[in-house]
Amino acid sequence: MATQHSRSAARIMISPAVLLLLGWMIVPLALTIYFSLLRYNLLMPGTERFVGLLNYRLFFNNPAFITALVNTLVLVGGVLLITVIGGVLLAILLDQPIWGQGIVRILVIAPFFVMPTVSALVWKNMFMNPVSGLFAEFSKAVGLQPFDFLTHAPLASIIGIVAWQWLPFATLILLTAIQSLDSEQMEAAEMDGATALQRFWYITLPHLSRAITVVILIQTIFLLSVFAEILVTTNGGPGVASTNLTYLVYVRSLLNFDVGGGSAGGVVAIILANIVAIFLMRMIGKNLDA
Amino acid sequence: MARAVSTRRKIGFTIAAWAVGLAIFFPILWTILTSFKTEAEAISSPPSFLFFDWTLENYTTVQERSNYFRHFWNSVVISLGSTLLGLLIAIPAAWSMAFVPGKRTKDVLMWMLSTKMLPPVGVLIPIYLIFRDVGLLDTKTGLVIVLTLINLPIIVWMLYTYFKEIPGEILEAARMDGASLRNEIIHVLTPMAVPGIASTLLLNVILAWNEAFWTLNLTAAKSAPLTAFIASYSSPEGLFYAKLSAASTMAIAPILILGWFSQKQLVRGLTFGAVK
Amino acid sequence: MGRITLDKVTKRFGDVEVIPPLDLTIEDGEFVVFVGPSGCGKSTLLRLIAGLEDVSSGEIRIDGQPATDLPPAKRGLAMVFQSYALYPHMSVRKNIAFPMKMAGVPQEEQNRRIESAAAALNLTDYLDRRPGQLSGGQRQRVAIGRAIVREPAAFLFDEPLSNLDAALRVGMRLEISELHNRLATTMIYVTHDQVEAMTMADKIVVLRAGHIEQVGSPLELYRNPRNLFVAGFIGSPKMNFANGGAASEHDAATIGIRPEHITVSADSGTWRGKVGVAEHLGSDTFFHVHDTGLAETVTVRADGEVGLRHGDTVFLTPQADKIHRFDDKGLRIQ
Numbered sequence: 001m002a003t004q005h006s007r008s009a010a011r012i013m014i015s016p017a018v019l020l021l022l023g024w025m026i027v028p029l030a031l032t033i034y035f036s037l038l039r040y041n042l043l044m045p046g047t048e049r050f051v052g053l054l055n056y057r058l059f060f061n062n063p064a065f066i067t068a069l070v071n072t073l074v075l076v077g078g079v080l081l082i083t084v085i086g087g088v089l090l091a092i093l094l095d096q097p098i099w100g101q102g103i104v105r106i107l108v109i110a111p112f113f114v115m116p117t118v119s120a121l122v123w124k125n126m127f128m129n130p131v132s133g134l135f136a137e138f139s140k141a142v143g144l145q146p147f148d149f150l151t152h153a154p155l156a157s158i159i160g161i162v163a164w165q166w167l168p169f170a171t172l173i174l175l176t177a178i179q180s181l182d183s184e185q186m187e188a189a190e191m192d193g194a195t196a197l198q199r200f201w202y203i204t205l206p207h208l209s210r211a212i213t214v215v216i217l218i219q220t221i222f223l224l225s226v227f228a229e230i231l232v233t234t235n236g237g238p239g240v241a242s243t244n245l246t247y248l249v250y251v252r253s254l255l256n257f258d259v260g261g262g263s264a265g266g267v268v269a270i271i272l273a274n275i276v277a278i279f280l281m282r283m284i285g286k287n288l289d290a
Numbered sequence: 001m002a003r004a005v006s007t008r009r010k011i012g013f014t015i016a017a018w019a020v021g022l023a024i025f026f027p028i029l030w031t032i033l034t035s036f037k038t039e040a041e042a043i044s045s046p047p048s049f050l051f052f053d054w055t056l057e058n059y060t061t062v063q064e065r066s067n068y069f070r071h072f073w074n075s076v077v078i079s080l081g082s083t084l085l086g087l088l089i090a091i092p093a094a095w096s097m098a099f100v101p102g103k104r105t106k107d108v109l110m111w112m113l114s115t116k117m118l119p120p121v122g123v124l125i126p127i128y129l130i131f132r133d134v135g136l137l138d139t140k141t142g143l144v145i146v147l148t149l150i151n152l153p154i155i156v157w158m159l160y161t162y163f164k165e166i167p168g169e170i171l172e173a174a175r176m177d178g179a180s181l182r183n184e185i186i187h188v189l190t191p192m193a194v195p196g197i198a199s200t201l202l203l204n205v206i207l208a209w210n211e212a213f214w215t216l217n218l219t220a221a222k223s224a225p226l227t228a229f230i231a232s233y234s235s236p237e238g239l240f241y242a243k244l245s246a247a248s249t250m251a252i253a254p255i256l257i258l259g260w261f262s263q264k265q266l267v268r269g270l271t272f273g274a275v276k
Numbered sequence: 001m002g003r004i005t006l007d008k009v010t011k012r013f014g015d016v017e018v019i020p021p022l023d024l025t026i027e028d029g030e031f032v033v034f035v036g037p038s039g040c041g042k043s044t045l046l047r048l049i050a051g052l053e054d055v056s057s058g059e060i061r062i063d064g065q066p067a068t069d070l071p072p073a074k075r076g077l078a079m080v081f082q083s084y085a086l087y088p089h090m091s092v093r094k095n096i097a098f099p100m101k102m103a104g105v106p107q108e109e110q111n112r113r114i115e116s117a118a119a120a121l122n123l124t125d126y127l128d129r130r131p132g133q134l135s136g137g138q139r140q141r142v143a144i145g146r147a148i149v150r151e152p153a154a155f156l157f158d159e160p161l162s163n164l165d166a167a168l169r170v171g172m173r174l175e176i177s178e179l180h181n182r183l184a185t186t187m188i189y190v191t192h193d194q195v196e197a198m199t200m201a202d203k204i205v206v207l208r209a210g211h212i213e214q215v216g217s218p219l220e221l222y223r224n225p226r227n228l229f230v231a232g233f234i235g236s237p238k239m240n241f242a243n244g245g246a247a248s249e250h251d252a253a254t255i256g257i258r259p260e261h262i263t264v265s266a267d268s269g270t271w272r273g274k275v276g277v278a279e280h281l282g283s284d285t286f287f288h289v290h291d292t293g294l295a296e297t298v299t300v301r302a303d304g305e306v307g308l309r310h311g312d313t314v315f316l317t318p319q320a321d322k323i324h325r326f327d328d329k330g331l332r333i334q
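Chains as they are written, first to last, in full-length UniProt numbering: chain A, 1 to 290; chain D, 1 to 276; chain E, 1 to 334.
No lab work stands behind these hints, which were simulated from the structure alone. Here the structure is a predicted model, which is why all the values come from computation and not from measurement. The beta carbon of each residue, even a glycine, is placed where N, CA and C say it ideally should be. Hints are supplied without guarantee of correctness; some may be wrong.
Said to hold, decoys possible - Quick look at which bits of chain A chain D covers, simulated, 3 or more residues with Cβ under 8 angstroms:
| hint | region |
| --- | --- |
| 1 | 161–174 |
| 2 | 194–204 |
| 3 | 212–226 |
Said to hold, decoys possible - Derived DSSO-like pairs: lysine-lysine, alpha-carbon spacing no greater than 30 angstroms straight-line:
| hint | chain 1 | residue 1 | chain 2 | residue 2 |
| --- | --- | --- | --- | --- |
| 4 | A | K286 | D | K116 |
| 5 | D | K103 | E | K274 |
| 6 | E | K74 | D | K164 |
| 7 | D | K103 | A | K286 |
Let the hints inform the model, and build the full structure from the sequences given.
In structure tokens:
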């Protein structure tokens with residue numbers, strides 16, 4: 001539905017965006033793959049040489065890698081579990097007739113706008129600190145021994161912090177989805193004699209399934225790359241107890257200057273993200289046709 | 001049809017919702033309150049909630065000791081700069097895809113999206129090395145470039161979904177009325193898309209402001225935006241709660257306010273139109 | 001001036017040929033209606049003339065000048081769209097002024113033309129409103145006003161009335177006809193509604209699948225439809241068709257007779273049948289007659305006061321000189 005003239009104009013107008021993204025994607029990606037096949041350490045310049053898949057073998061044989069991989073999956077899974085279940089419940093609660101709904105909504109959404117470094121530091125110092133954190137104060141008040149969250153449960157603590165940041169996202173999207181549910185459908189189900197629980201199970205939940213899938217996929221993309229929260233709370237420790245793949249690559253390449261090994265980790269991270277991305281893209285693509 | 005809801009039910013839900021809402025918001029509230037305490041009160045046991053000597057001292061100290069406003073300014077420049085640059089590149093691209101769709105438009109859109117799914121850590125090393133070699137490390141320009149590129153897919157997508165809602169006939173009418181392509185975009189499309197462009201801008205400022213992977217890895221003292229500046233508080237464990245709170249409050253306040261305005265757009269922008 | 005010539009114009013979308021080679025001349029000052037069922041290519045044809053689509057081959061001339069490769073703005077045509085396509089962020093005045101602003105018409109001249117267009121279209125009181133604050137009919141008039149001020153060589157209308165309710169449609173139909181009488185400018189009007197075509201056109205172009213089936217004045221098409229398609233498309237209610245025995249009596253493969261050319265009688269006539277549904281309009285009554293042996297249902301127009309009921313037996317007699325005969329290819333037999 002256009003003329004030759006407008007089609008050529010369109011090609012010109014789209015090209016800056018396409019070329020920039022193409023450059024942004026191809027160049028570093030190719031370099032990462034290339035580096036991953038080299039022995040390349042920034043502390044030993046001039047000693048680069050081709051080593052094939054050695055970096056991958058070293059990376060996979062490193063026990064830290066397995067830990068990081070498991071941590072990554074536990075982190076993603078844990079946060080997803082909390083945010084999806086919490087998000088569904090919160091969305092249903094906020095969909096009820098309540099006074100001051102707008103304000104409550106704002107309160108719930110707020111954590112999403114807090115920058116990751118701030119939320120990590122606030123939780124670390126003012127809540128989880130075993131001496132002066134609020135949780136410690138609370139433990140003391142009820143006569144319990146304060147718990148050192150970041151030392152004894154570092155990964156769980158980080159999951160908690162990240163879940164707090166992402167719960168608003170899940171809630172907001174699920175709330176939007178709930179509000180698009182045709183109220184006549186609910187009324188029809190009520191007329192048909194469905195109890196509140198049955199209505200939730202047979203109508204609300206299926207209606208939400210699509211939104212839940214979107215939440216899971218999008219959060220997964222972001223959660224695979226959690227970084228700042230680990231950097232400012234535990235530095236991946238103690239040991240590698242809270243190191244995820246992203247953080248491991250950071251340590252390898254920018255702290256240990258092992259570019260080759262870091263790049264191999266980067267390639268693994270890309271493959272991991274792509275597995276999720278394929279599903280997400282398929283969903284969004286379907287929506288594009290509709 | 002709204003139904004009459006029994007007042008008792010409404011009271012119950014209201015209490016529950018407010019309780020949950022306040023619990024979720026509490027860490028932010030606590031940070032704001034702590035920022036007005038003295039350091040001693042901030043770690044006092046038991047903690048004082050509202051009844052303490054309110055002081056603004058922390059805010060002035062943060063600025064004096066660490067040149068807070070330079071980092072604040074860095075954040076402003078980086079987030080606004082990358083968003084405006086992104087819009088400049090994305091508006092023509094979104095126009096093309098929304099109004100002159102071709103056989104490959106869908107593929108291009110999906111491909112753009114796929115670049116967003118690239119984990120940053122997968123390209124960190126080459127970008128770091130390239131930036132080091134061309135002198136872009138720890139510069140605002142460098143960060144503007146990176147943040148423009150990582151948010152470009154979202155900007156294009158959001159604009160595309162907004163432009164799609166503008167009927168093509170109106171642009172054709174402008175063409176019939178003698179408008180050149182430039183006039184068509186400036187006088188007809190852009191004014192009609194102002195709400196969409198504004199929400200795109202808002203969401204992307206928020207995302208860029210809070211971006212904490214590239215900002216942490218590509219900056220040092222000079223060009224560090226607030227994300228990186230705040231991270232520097234992590235080293236001396238828990239000694240300066242009040243000052244940390246003051247710095248944090250200033251860092252999140254502008255975005256919190258902007259964010260509340262953009263709730264609706266947030267859903268659309270972050271789900272790429274998959275949930276409306 | 002506004003003489004538009006299409007010379008072997010074709011349009012393909014990919015492998016699909018939407019418009020096979022087509023020749024057509026529209027004379028200056030004519031009101032031409034393109035009519036046909038949806039998907040017949042009438043809107044595409046209009047957009048080719050407007051320049052909103054490229055022709056795949058062939059040539060378009062406006063007043064003898066080649067216009068095939070001109071962008072829409074340079075063709076000197078104005079278009080009124082189905083959705084009106086008003087600029088929602090501009091007042092009515094700015095909407096009407098927009099084409100003049102783009103053409104660089106001096107401000108005073110702009111004002112003069114806006115005032116006169118507004119007066120002619122009853123829009124004077126609404127000039128400072130936004131399109132969103134206007135009714136459908138008013139929006140339609142703004143769209144027309146925006147077209148008028150350009151003083152175009154020809155007006156193009158793309159189903160302009162289809163978004164209006166029935167009563168407004170009749171009113172706007174008259175207004176557009178009056179506008180044509182006053183301006184005497186070429187108008188090309190696309191519709192799927194044969195009533196609009198019949199009531200407004202100087203010349204009707206009936207299209208099917210991109211082909212021109214017939215071109216002619218409304219009465220020519222009514223009296224002498226060239227084939228079965230035109231016969232069935234023009235006229236309301238539709239012409240009755242019969243095959244088989246009744247047709248071969250007239251040496252034809254198919255015969256057609258319009259409902260208004262059949263006489264109804266309670267006791268004698270050529271064909272016998274049973275009354276099904278009777279639609280009483282007051283002025284007329286339409287009977288749907290079954291079991292005539294001609295076709296499933298034969299529609300007949302009778303006087304408003306004819307008192308036949310459901311189930312009654314009736315006799316139908318066609319007016320002999322009004323029977324249309326068609327051969328086995330569906331073409332009219334003269």
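Going down the list of hints, with the structure as the test:
Figure legend: the region 161–174 of chain A, annotated as covered by chain D; annotation consistent (6 residues with Cβ-Cβ distances under 8 angstroms, at least 3 required). Counting residues of the region 194–204 of chain A whose C-beta lies closer than 8 angstroms to any C-beta of chain D gives 0; at least three are required, and the coverage claim is violated. Residues of the region 212–226 of chain A lying with their CB closer than 8 angstroms to a CB of chain D number 5, which satisfies the three-residue condition for coverage. At roughly 18 angstroms between alpha-carbon atoms, K286/A and K116/D fall within 30 angstroms of each other, so this suggested pair holds.
Between K103/D and K274/E the alpha-carbon distance is near 56 angstroms, which puts this suggested pair outside the 30 angstroms criterion. Distance check on the hinted pair: K74/E and K164/D sit about 27 angstroms apart at the alpha-carbon level, within 30 angstroms; holds. A C-alpha spacing of about 16 angstroms is found between K103/D and K286/A, which places the hinted pair at or below 30 angstroms, so the restraint holds.
Hint compliance for this structure: hints 2 and 5 are broken, all remaining hints hold.
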